[in-house]
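Chain residues, written in single-letter form:
There are 2 protein chains.
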Amino acid sequence: MINSGRFLAVVFKKVMTTNEIAARLVDLCRKGDFETAQKELFAEDAISIEPYASPVFEKETKGLDKILEKGHKFDSMVQEMHTLEVSDPLVAANSFAATMRMDVTMKEKGRMDMAELCVYKVKDGKITSEEFFI
Amino acid sequence: MINSGRFLAVVFKKVMTTNEIAARLVDLCRKGDFETAQKELFAEDAISIEPYASPVFEKETKGLDKILEKGHKFDSMVQEMHTLEVSDPLVAANSFAATMRMDVTMKEKGRMDMAELCVYKVKDGKITSEEFFI
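Note that the protein sequences, when read in sequence, are chains X and D.
The opening residue of the first sequence carries number 0 in numbering that gives the first Met the number 0; numbering runs sequentially from there.
The opening residue of the second sequence carries number 0 in numbering that gives the first Met the number 0; numbering runs sequentially from there.
Treat the hints with care, as some may be off.
Identical chains blur together in the list; that is why a pair holds if it fits in one copy or across any two.
Below 30 Å or equal to it, Euclidean Cα-Cα: the simulated DSSO-like pairs (lysine-lysine) are [stated by the list, open to error]: (1) K108 to K122; (2) K65 to K106; (3) K125 to K38; (4) K58 to K30.
Everything labelled a hint here was simulated from the structure, so no lab data went into it.
The shape of chain X in the complex, shown without the other chains (with noise of 0.2 Å):
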């Protein structure tokens, strides 16, 4: 009895649809939070897929722990952000694209300006893969 007002908050919580998922991480990701919308929409063993394997990030990351590592690393190599866009999302019933262009300044690699095509799958209410196409 002593936890029947937490099952009953299980029970009840809304599972997000795949168009509040996709607002949601839009909304975080234009303002640059990337960490809060992985920890908030993606599930605990959540995919990200990148559009080849290179020396600094696997093609495969598997597990949401993973990914956050990810993104840290991705940070720390990132001198400037100057301009990051993301588009509206074009959404499905279980999934949904957006594109993201960074103009930004890499530690190592200098300046550059890229898009990429962020592909989401969801189920259950949470993302349960990323992957990135150029």
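Could you slot chain D onto chain X? The hints should help.
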């Protein structure tokens, strides 16, 4: 020398940009003319990837000829297309996405209203893969 005209035509043939390919694909799909889109815009070795394998379609279809066959098979299953809506595309450097909504009556399965996120990869002015997400 006899082929010099053809040689020049090949050399100077303009490679379509990703923006141009995306606009043309969306235009043709809105008319329901998927076959022209595939013949005109897809690479010979293009791949088509479904969300999952089904009794009707394999997870992956390889090669333009097989993709055209897949289209004919789908067409043969359709009783009536009530609505076909294709979004404007989101375009990155070598990829783009659009959502496609079909309200369609299938001969076996009856009427269904479905939306898919369609993601395309581009190389050398041709679509090299299409992937559908539900």
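Right, here's what the structure says about each hint:
no. : hint         : verdict
1   : K108 to K122 : between (37 Å within a copy, 25 Å between copies)
2   : K65 to K106  : within (22 Å within a copy, 47 Å between copies)
3   : K125 to K38  : within (10 Å within a copy, 38 Å between copies)
4   : K58 to K30   : within (26 Å within a copy, 37 Å between copies)
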